[in-house]
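Using the sequences and the hints given, assemble the complete structure.
Protein chains: 2
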Amino acid sequence: MSSDEVHVGVDVGGSKILAVALRPSGGNAGTAVTDREPEVVATATRPMPGREAPTGELEAAILVAVAEARGETALGGVGLSVAGLVDAAGEHLRFAAHLPWRAAPLRRRFEELLATPVRLANDANCAAYAEIVAGAARGISSGLLVTVGTGIGGAVMMGGQVVRGAHGGAGEFGHMQVVPDGLACECGLRGCWEQYCSGRALERVVRVAVGTHLDGPEVAALARAGDTVAREAIASIGTWLGVGTAGLVSAFDPEVVVIGGGVSAVGDLLLEPARRALADSLQGTDYREVPALVPARFGPEAGAIGAALYSLDGIG
Amino acid sequence: MSSDEVHVGVDVGGSKILAVALRPSGGNAGTAVTDREPEVVATATRPMPGREAPTGELEAAILVAVAEARGETALGGVGLSVAGLVDAAGEHLRFAAHLPWRAAPLRRRFEELLATPVRLANDANCAAYAEIVAGAARGISSGLLVTVGTGIGGAVMMGGQVVRGAHGGAGEFGHMQVVPDGLACECGLRGCWEQYCSGRALERVVRVAVGTHLDGPEVAALARAGDTVAREAIASIGTWLGVGTAGLVSAFDPEVVVIGGGVSAVGDLLLEPARRALADSLQGTDYREVPALVPARFGPEAGAIGAALYSLDGIG
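Chains as they are written, first to last, in the numbering used here: chain A, 1 to 316; chain B, 1 to 316.
Certain hints may be false.
As the list claims (entries may be wrong) - To be clear about the criterion: a stretch of chain A counts as covered by chain B if any three or more of its residues have a C-beta under 8 angstroms from a C-beta of chain B, and this derived list gives those stretches:
| no. | region |
| --- | --- |
| 1 | 165 to 171 |
| 2 | 178 to 190 |
| 3 | 241 to 247 |
| 4 | 252 to 263 |
| 5 | 288 to 294 |
As the list claims (entries may be wrong) - Ranges between beta-carbon positions, derived for each pair:
| no. | chain 1 | residue 1 | chain 2 | residue 2 | range |
| --- | --- | --- | --- | --- | --- |
| 6 | B | G226 | A | Y287 | 42 to 50 angstroms |
| 7 | B | P180 | A | A53 | 56 to 64 angstroms |
| 8 | A | G56 | B | T285 | 28 to 36 angstroms |
| 9 | B | G211 | A | A184 | 35 to 43 angstroms |
| 10 | B | L113 | A | G314 | 43 to 51 angstroms |
| 11 | A | E37 | B | A74 | 52 to 60 angstroms |
| 12 | A | P54 | B | A184 | 55 to 63 angstroms |
| 13 | A | A184 | B | V179 | 14 to 22 angstroms |
| 14 | B | E52 | A | G267 | 44 to 52 angstroms |
To be verified - A partial selection of chain A residues facing chain B, derived with a Cβ cut-off under 10 angstroms:
| no. | residue |
| --- | --- |
| 15 | A88 |
| 16 | S141 |
| 17 | W193 |
The set of hints was computed from the structure by calculation and includes no laboratory data. No residue lacks a Cβ here, since even glycine has one placed at the ideal position from N, Cα and C.
Given below as structure tokens:
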């Protein structure tokens with residue numbers, strides 16, 4: 001791309017639309033997969049239209065966010081990051097719990113609306129691509145991303161790419177069963193990992209312990225201030241993070257496990273219990289390596305940055 | 001390779017050494033990854049030396065098996081399939097519960113002993129490669145092999161290759177935790193999948209139900225004859241097969257799941273309960289595909305055939 005172009009990544013999340021305009025530096029697109037430092041030159045946010053609003057309103061909000069982020073600069077392309085199941089071809093959004101689209105040909109639709117090449121990918125896959133290109137998964141042969149937010153998301157990384165799976169569904173770690181006949185999950189199953197390891201799980205653990213509702217950032221603030229109950233609640237989430245990750249490590253043998261998502265902002269209060277549980281839950285650690293469990297580089301903007309990188313690299 | 005050469009695959013198992021001499025047909029090595037029909041032209045078996053025997057005896061038994069399998073034909077190369085952890089480079093056997101080697105540079109050692117190119121790989125990975133080239137995973141983009149034998153083994157298949165993982169340990173499904181604080185496993189952990197889904201688990205379920213020890217083939221014969229207890233015991237193993245597979249499917253989204261290993265010889269008595277449990281344990285099956293769960297093509301000779309194919313293709 002010419003240096004006076006930007007690629008815009010748009011993360012269409014549950015509560016807002018975040019657009020970032022990206023200009024790469026530290027390398028050339030198409031010449032090196034990783035080790036490029038993306039330069040965010042502008043960001044724009046728009047509120048999500050209400051759940052009952054027609055999809056046209058959501059489309060319009062996305063177009064406005066893209067226009068605001070690009071400003072006067074030429075647009076090289078757009079990447080869309082969506083919290084839902086995207087097909088393996090990157091053409092359709094098949095399903096998203098918090099978005100109005102069902103089996104929607106979003107890539108093509110936004111190419112028509114924006115008159116520019118559009119790439120479409122799942123938000124955790126976008127976040128993983130950002131970590132591969134410029135974050136905690138730079139230069140690794142294989143890795144996993146586990147995002148601990150409201151629920152659990154994730155991605156499988158291999159050979160500098162995000163693995164999509166046969167139907168676009170690889171990395172859906174949140175609904176792996178970790179407790180037979182365990183806690184009921186919104187998905188209709190029981191004992192799903194995200195019932196034990198997520199922001200919602202953290203709130204539940206605190207509520208059970210002290211009888212009061214505190215949200216995740218409140219628990220995090222208390223834990224940082226040394227509150228024992230808050231620390232133990234986060235440690236419980238971290239232990240389940242390690243236990244579940246151990247199963248994935250047995251299956252994939254990744255070089256590194258990257259932990260992202262809102263809950264991971266508490267850092268080692270979460271990661272240290274997770275590291276202990278991971279090591280304790282792996283078979284044969286006398287003769288096999290325990291992969292490093294590291295924090296993601298990118299925070300809430302990971303999906304948008306990854307989507308912009310997908311657009312820049314013509315992937316997705 | 002010239003048509004008057006064979007490649008010999010040797011499976012070094014817990015109880016015997018099996019060597020097969022392979023001549024490919026239906027395609028040319030190096031030109032098509034899959035869709036070649038391997039032709040087994042000779043087999044040879046040798047008993048395993050006792051556990052306390054020096055490794056020299058085991059080496060000698062392997063050399064004799066190779067010599068017997070190749071007969072008078074020129075030897076193009078040898079593949080070694082071992083029931084243990086092989087490093088990612090295919091050079092060392094790091095650990096094997098039932099073999100005397102530890103951190104042993106087996107590939108090089110046998111190249112010296114045999115004066116021919118040698119490839120070394122884990123037995124489940126060899127079996128998966130046989131399924132990729134000429135079996136149930138032919139032509140697929142991604143898949144999983146789960147072998148239900150004495151324990152559980154497995155492999156991850158992607159793009160016509162077996163995924164080794166960062167340290168050679170990908171596909172070690174047997175010790176994924178499926179029950180927190182569950183049954184104690186020989187590996188030192190609790191609740192490992194193979195405690196609920198394996199030949200040993202089948203024997204335990206029957207022993208608990210009827211108070212008698214029956215081995216796997218006896219249970220299988222009773223089940224085929226319509227015995228209710230035997231059928232329910234196999235169904236219990238099959239249900240756990242489906243539950244554990246569901247977690248792997250959420251993580252990988254494979255096109256197909258291939259079930260091999262000795263217990264899988266009972267066929268649909270195992271696979272039908274597994275298919276039901278798989279479908280029941282996956283989130284969002286209204287909008288995502290449940291992968292086919294299919295029997296492996298190759299039985300007890302899978303490891304040896306896959307090792308010969310690795311040698312033929314220069315992989316491993």
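Status of each hint after checking the structure:
| no. | hint | result |
| --- | --- | --- |
| 1 | 165 to 171 | holds (count 7) |
| 2 | 178 to 190 | holds (count 7) |
| 3 | 241 to 247 | holds (count 3) |
| 4 | 252 to 263 | holds (count 4) |
| 5 | 288 to 294 | holds (count 3) |
| 6 | G226(B) / Y287(A): 42 to 50 angstroms | holds, 45 angstroms |
| 7 | P180(B) / A53(A): 56 to 64 angstroms | violated, 43 angstroms |
| 8 | G56(A) / T285(B): 28 to 36 angstroms | holds, 30 angstroms |
| 9 | G211(B) / A184(A): 35 to 43 angstroms | holds, 37 angstroms |
| 10 | L113(B) / G314(A): 43 to 51 angstroms | holds, 50 angstroms |
| 11 | E37(A) / A74(B): 52 to 60 angstroms | holds, 55 angstroms |
| 12 | P54(A) / A184(B): 55 to 63 angstroms | holds, 57 angstroms |
| 13 | A184(A) / V179(B): 14 to 22 angstroms | holds, 18 angstroms |
| 14 | E52(B) / G267(A): 44 to 52 angstroms | holds, 51 angstroms |
| 15 | A88 | holds, 8 angstroms |
| 16 | S141 | holds, 6 angstroms |
| 17 | W193 | holds, 9 angstroms |
Hint compliance for this structure: hint 7 is the single one not met.
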